[in-house]
Structure formats: structure tokens, C-alpha cells
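**Student:** Chain order of the listed sequences is A and B. Take any residue in the first sequence, note its place counting from 1, add 1132, and you have its number in the working numbering. Take any residue in the second sequence, note its place counting from 1, add 1, and you have its number in the working numbering.
Check before you lean on any hint, since a few could be wrong.
[Unchecked claim] Label-pair distances were calculated between CB atoms; the ranges are:
hint: 1; chain 1: A; residue 1: Arg-1248; chain 2: B; residue 2: Ala-199; range: 49 to 59 Å
hint: 2; chain 1: A; residue 1: Asn-1251; chain 2: B; residue 2: Ala-183; range: 48 to 58 Å
hint: 3; chain 1: A; residue 1: Arg-1235; chain 2: B; residue 2: Pro-165; range: 27 to 37 Å
Note that these hints are calculated values from the structure, not bench results. C-beta: ideal position from N, C-alpha, C; glycine also.
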Amino acid sequence: MRRLTLAFSTTLAAGLVAGAVHAADLTVTVEIPRISSASYHRPYVAMWIEQADQTAVQTLAVWYDTKLPNGEGKDWLKDLRTWWRKGGRAMTLPADGVSGATRAPGRQTVTIPAARLRNLPAGQYNLVVEAARELGGREAVRVPFRWGAANTGRAAGTTELGAVSVAVTR
Amino acid sequence: MKKTVFALAAVAALLAAPMSAQAHRGWIQPSSTVLSGAEGWVSFDLAMSNGVFIPDHAAMRVESLTILAPDGSPAEAQNLSRGRLRQTFDLHLDKPGTWKVANVLDFYNAVYKQGGEEKRWRGTAAEMAAGIPADATDVTRSRTLMRVETFVTLGQPTETVFAPTGQGLELVPVTHPNDLVAGEAATFTLMLDGKPAANQTITIARSGLRYRDNPEETTVTTGADGGFSVTWPQAGLYWLNAAVRDVAGTDGVTVNAQYNGVVEVLP
Chain A
1133 MRRLTLAFST
1143 TLAAGLVAGA
1153 VHAADLTVTV
1163 EIPRISSASY
1173 HRPYVAMWIE
1183 QADQTAVQTL
1193 AVWYDTKLPN
1203 GEGKDWLKDL
1213 RTWWRKGGRA
1223 MTLPADGVSG
1233 ATRAPGRQTV
1243 TIPAARLRNL
1253 PAGQYNLVVE
1263 AARELGGREA
1273 VRVPFRWGAA
1283 NTGRAAGTTE
1293 LGAVSVAVTR
Chain B
2 MKKTVFALAA
12 VAALLAAPMS
22 AQAHRGWIQP
32 SSTVLSGAEG
42 WVSFDLAMSN
52 GVFIPDHAAM
62 RVESLTILAP
72 DGSPAEAQNL
82 SRGRLRQTFD
92 LHLDKPGTWK
102 VANVLDFYNA
112 VYKQGGEEKR
122 WRGTAAEMAA
132 GIPADATDVT
142 RSRTLMRVET
152 FVTLGQPTET
162 VFAPTGQGLE
172 LVPVTHPNDL
182 VAGEAATFTL
192 MLDGKPAANQ
202 TITIARSGLR
212 YRDNPEETTV
222 TTGADGGFSV
232 TWPQAGLYWL
242 NAAVRDVAGT
252 DGVTVNAQYN
262 GVVEVLP
């Protein structure tokens, strides 16, 4: 109990003093399930950080079909419905360090270097991963994590996403 | 998302306007399927798209529309209008009974070599002899037959229009397609060239895809007699699809056939 309190107040203090947390990486691991379908297409995936009240703070990654001519792969970004409404529609894609090609089923890892999160105040957040698949379904998974100290969080989807874990490393 | 080209992409390309080389689902959406009174009107939307009944890609071409009145006689579509995203037309139901509204595409493809160069041809059966040059070698020919259809009934349901044509994949209803209710089972027979099509996969998709996260699509396999049964989980428009590829046909022409039927299930 004492240690917890201490850790919390240290975080608060660090947040108050520094305004932001430095030199911590955020690693997200997402399991894209193997789905048996005659017409399987890799899912579009978006990852973003949101506050407890679900206000989006920052998009970390968007995987979509970047190879189609004339940016046609962007036609389906709106199927990532939650992300689209909470920030996607205000972004210009492709975006350096954020957008990329769709990924194969299996465990996929994304590491966000500390530099990209330098403006994120310390505190409690959710990491949201949303996946939408052509001729398939849509699912969003929220993983709570704390920014400001080393910690991990995990959750799991049931249809379009498997296990999702978040690790903050110092 | 990723627009994968699969075997019937050619069908999509031909049916869709503007021309495109992507695979999409073909569907016909009736404004209503069960009508009462002395006469009635039904409006139809036809399109090719990723999600059935969501016209977000291209209108379907309807040069090969086949409408049968309850007595089996041909009927005319009215007020044809081709939009960018959907083709529409109206049908005046001026006779009681069940009407069959179908768009049937039938064309031939040929791939051959002439002077060492690979060439392609597409056209109707009648045009094929003239379309492939005499000095062509390594000729492979295929026929594509794609049926997109639905049924509507004014007054008492009838069954005259169920008789199959014997061409390509067709659905012969056992349970009347305008007598479908959520929670009840319905039975149909899939036919290929007029004969029961055994062991074929039927894909069943329900309307309202945009308003749920899970597509809730199901499949069922036809039995030895071509028969299959569906218990409708809830009311809505349903799209039933079956496809066969590379079936040996006459004169060495392989056949690709597809069926896309739409039925309405009421609460």
C-alpha cells in the first residue's frame, strides 16, 4: 500500500514538474487471428491512445492497403469506424511512422519510441486497437496502461483480434 | 479493403459500370416482396459491391434482364435508370401470383496464341466462331453464366416461374421464397444445368451489414439431391450465393457459373 502510494505520488510529481515523461518506449503486441475463409483479406488495423473518457490523444499506427493505385486503399479506412470518428478523418495519410501495410495473421509488435510520445503527460490511459476486415467483422480492444513508469497491461479480443498487450519500458 | 481478383472477377467487370477488374458481389434488392391488392409496383436496385445491399461500388448492367410474370410469360421493366452506384427499375405487377426477376449474364472468353502472341477475346456464343481467327493456336475457351434474381408475389403465391431453364446454376424453391419467416426452416434445391448440384457451398449473407460488427454470414452445403435447408435467424433480406468453376462443357468449353439469389424473410 505504501509503495503504491509512493509510486503514484512520484508519478504525479514527475508529471507536474516535467509536464511530460521522457525516455520511455511503448511496445504494443497484437495477435491477428488466423481466420479460415475462402476470401480472407488481412484486416485494416488502427492503434491509438485515449484518455479514460475515451477522448483520443494520439494515433500510433494505421495498417491499410497502401499498395493500391491512386491511394484507393484509403476508401475503406472509414470501416475502422471508431478510429475514423475519433481522429482518423482528421489525419492525412500516409503519415510517416504511423501508417503502413496490412500485416499477416500472427503476433505483430509495434514499438513507439519515446520521442514520439514526448508530449504525452503522465497518467492513466487506454491503448485502443481496432481491426476491420473486408467481408469480415470489426472489433476494438482497450488495454489500460500507465504512462510515467514501467508497467504492462493486457486484454484480448474474441473475433477479429486476439491477445493485445502493452508494455511501457524505461 | 484489398481488392483481390478472383475467378469471377470477369463477371464483376462486365456487370459493373464503369468497367473494373475487381471482384464484388452482385445483388438485386426489391422494395417489397409480398404485396396485396389488385395490382402493385415494386422497385428494384441492382449493384456490384463488397457488402450486399450496400451500393458503394458500381451499378450492375441489366442488358440481359429476364422477368417472368406468374404465367411464365415475359414482362417488361419500366423506368430503367442507371446511376453511378446502382441500377434501378420498376415492375408493374398487373397479375396476381409470383414473379421472377432475373438478370442473367452469358458470355464466352477465349485465350489463344496468334504469331506467338497471346490474345484474348470475349463475346457471345454466336460471335465466337468469327471472333477467334483461323490461325489461332493453343485456344482455351470458357463460358460464364451468372444469374442474379429475386421473387415477388402479388396476392396468392404461385410456382410456375420456378421451372429451371437448365442453364448454369439455378435455385428451385421447395419452400416458397415469398413465404419465409424468421425462426422457420426453408428448403431449396440448387441445380446446375438442370440437374441437382450436390456438395456445393451456399453462402448466406443478411442485410444490415453496416449496423453490426459481425457480418453473421453463414454457409450450408447442398446434399446429394442438391437440396439445402436454412433456418432464418431473423427477419431481413438475405443473399444466397453459389459458384462453380471450370466445369467441363461441350466442345471443350469450360463453364464458370454463379448464382446470386435474394429472398426476404419477414418477422
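**Student:** Could you work out which earlier hints the structure fails to respect and list their numbers in ascending sequence?
**Tutor:** Hint 3 contradicted; others consistent.
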